[in-house]
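Number of protein chains: 2
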Amino acid sequence: MDRRVVDALRAIVGPRGLIEPGTRALPYESDGLAIYAQRPELVLLPADTAETAACMKILHDAGVPIVPRGAGTGLAGGATPVAGGVIVGTARMRRVLELDVENRRARVEAGLVNVDLTHACKSHGLYYAPDPSSQQACTLGGNVANNSGGPHCFKHGNTSQHVLGLLIVQHDGTLLDLTAPRLDPLGYDLVGLFVGSEGMFGIATELVVRLVPEAPVVETFLGIFATLEAACDSVSDIIAARLEPSALEILDRLTIEAVEASVFAAGYPREAEAVLLVEVEGSEPEVAGCARAVRAILEQRGALSVHSARDAAARKKLWAGRKGAFGAMGRVAPDLYVADAVVPRTKLRELVLRTVEIARAHKLRLATVFHAGDGNLHPNICYDRRDKDELARVLAAGDEMLELCVQAGGALTGEHGVGLEKQQQMHYLFSDADLRQMCRARDAWDPARRLNPGKLIPVRVCEEMRAGSVPEGA
Amino acid sequence: MDRRVVDALRAIVGPRGLIEPGTRALPYESDGLAIYAQRPELVLLPADTAETAACMKILHDAGVPIVPRGAGTGLAGGATPVAGGVIVGTARMRRVLELDVENRRARVEAGLVNVDLTHACKSHGLYYAPDPSSQQACTLGGNVANNSGGPHCFKHGNTSQHVLGLLIVQHDGTLLDLTAPRLDPLGYDLVGLFVGSEGMFGIATELVVRLVPEAPVVETFLGIFATLEAACDSVSDIIAARLEPSALEILDRLTIEAVEASVFAAGYPREAEAVLLVEVEGSEPEVAGCARAVRAILEQRGALSVHSARDAAARKKLWAGRKGAFGAMGRVAPDLYVADAVVPRTKLRELVLRTVEIARAHKLRLATVFHAGDGNLHPNICYDRRDKDELARVLAAGDEMLELCVQAGGALTGEHGVGLEKQQQMHYLFSDADLRQMCRARDAWDPARRLNPGKLIPVRVCEEMRAGSVPEGA
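Those sequence lines, one after another, are chains P and L.
Each residue of the first sequence is one higher than the one before, starting from 22 at the first, in my numbering.
Each residue of the second sequence is one higher than the one before, starting from 22 at the first, in my numbering.
Hints listed in this document are in silico derivations from the structure and should not be mistaken for laboratory results.
One should not assume that every hint holds.
Pairs of lysine-lysine, BS3-like flavour, derived with a Cα cap of 25 Å [to be verified]:
#, chain 1, residue 1, chain 2, residue 2
1, L, Lys143, P, Lys176
2, L, Lys176, P, Lys143
3, L, Lys143, P, Lys143
4, P, Lys143, P, Lys344
5, P, Lys384, P, Lys409
Turn these sequences into a full structure, and let the hints guide you.
Here's what the structure looks like:
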């Protein structure tokens, strides 16, 4: 990289905000999907919006690709610098700028860690609802890029339903201030479009987000089942009964074993084939009524045992296994391929069993965790990436599982994004015409296509449009 | 208009689907905001997606402006052919194509009337949640264009939270099929962006929408108050108590008088200064608990009386006044200017009173109805548009109210859209840079800008971009 450009960037961010290639730059070679690691030319960690804007202007003028990055906890390669270029991270922008308790919203910097926002407003009885499993580490800006979900999004909705405004540094360093209250949508929904755009439309440095009041009463249930089918059927029954729990999570046997063997041990019986977590929240009579109905369903479906808790510490213990599941799988194998697919809820049971078959056919170990309420499956394949043959089988099995889910009327990703990983599978769901319309939307934000290149849209589709071989409107 | 173009269009839609200028075309000169009426060159009513696409191709090749139209119940001039051209209406596309009861979704044509979808799925215990006051007449396609709300959107969210997929006829007649299940967002959220784009991105001919299960128990409360302030304070208390009613609506004195003098008479006492409607839904214990708390708050705030009902017919009677309010105002004056602004809920009481002052200063009669739960005010000015002086005062008062609401941290429109009416006020909330980014998004869908020209984005901003006087990124 041109030294004059590097020097100009260092003059803006200072020595703390610039990492040159070397050992310190290693963590920036990939996100959680390490198999596609790639070395960045430079890593920038600006301290605020002004520094970000100044850096973006220089990079734009120099024609350098830019890869925005939150905490790097993504699982689809979204923050991997696949085309080289410079990583621009938000790690130094983690302030809560304003808490508006009365109107239940906060203005925060993009690098704020998800759970830290809840810590900051907890004393006011408020919290930030979307809760990805990585919430102890992932940033709110990264959540925006991927429209992240989490167990409680079943009731409260994904990130897009909680972002009210954004301050965006555009591709050339200009600012787009969309932080004016979007109490209701007004004009084209540019904020909504930006959420989930995986770093290809700019870098949001400040966010205005909704805060949600803590429910007066929360009760968590943990049902232990002898079969995965019985756990799935309980979920169907709960939804058919029109109960509205805030979370519905299932863990399968291998996940339970991994959890119990780890520091996250939650006391789940190891002979269980499935664990179902149900959380109910609301006023005392609401929770009491719903709780009775949930317990009756779990028992009717043959739960071996049903535990419940209202006290925060006891509830945390019931959740411990779920929250620690991904970490615990490190004990099973050195690498974990976290698949992410969505299926119509009515086909959940059938498709869970078919992913088990696919894994078996490829001789792979599968641990499944899923947001059962919204049909979001996470079949996790435990493997060792140094074993090239196993790695190839992992990728083949992952692709088969996705294709199966899409054929059943599902979607390619529930919450992890498309990133680098799934761009070649986008055509399972979208025609070339659809993808070209996405590319036109991209060009409206970044005409030179230097923001996070090689992600989300298959590169071929964008190349064909650039070559002009596609007539307008085709 | 070139006769060959008209003949080609007639060959596609047949004589039933084409209206030439004349008496039958009169209703198409405006939507509900009649003051800006303008004659269309032609009205087309295609029978399905294929006819719509064929018409759009011909109109594109002929370079004719196109104004999409649902039922014309809009209130911001969104369907007014301000730049001439051809109206393309969806009135003949009103089929329910598929009801998927198990997965709670429906595939429908865009011209289906909002309430007819609920009628179609009622026997399965499902309904379509967004319920604009015009739901007996407005179409689902029109709801998509304006991201419509309604009383129950306080709990269930606006149209954008209920649209899962769209089949879009683009500016040149090509199809964009975004109906594949969007169980979770995937790729850029083009469907979300299209919702609320006010007919400027294409014509959605088919929609996949969410259906919501009817709550087991619904209870409606009607509190009669001697002051508007007491009604507003009750709303604040209900929200502060973290109760979650599905609707919170207030009607002021003039509205009550109009309703009681009309066929919609609901038995509201005429001496009341305000009526507050609260609806609670859920399971029996949920509703019982919430109902006790709501009643206690209304009584504590000095309600003159509190009525409640669970039975559907009795509930309908409590709602009759609210649902008939806009119709009833026809008795007060020949014209009604329905303002639409949003304010932070914490400032509701103060701003309602200030809109009353503004109306008084302009010697206008104001009847206010509002979705109090989400801070969405509808100060309705009763007037006679033949009185040019009064009309000028109406427009001046409306502008003052909007500016006031925006200054208080609110928004320009809650649910009616920007349309023709508010494009000149968009700069109250957006900078030129923001508006130019909207224009770039528009160009990604309609590079020749022939779809609903003169709406939403101030014309000046688009013209400057076309003239190329704005450098890229500025």
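To see whether the hints hold, each was checked on the structure:
1. L:Lys143 - P:Lys176: 23 Å, holds
2. L:Lys176 - P:Lys143: OK: Lys176 of chain L and Lys143 of chain P at ~23 Å, within 25 Å.
3. L:Lys143 - P:Lys143: Violated. Lys143 of chain L to Lys143 of chain P sits at ~41 Å, over the 25 Å cutoff.
4. P:Lys143 - P:Lys344: At roughly 20 Å apart (the allowed maximum being 25 Å), Lys344 of chain P and Lys143 of chain P satisfy the hint.
5. P:Lys384 - P:Lys409: This hinted pair holds, its Cα atoms lying about 14 Å apart.
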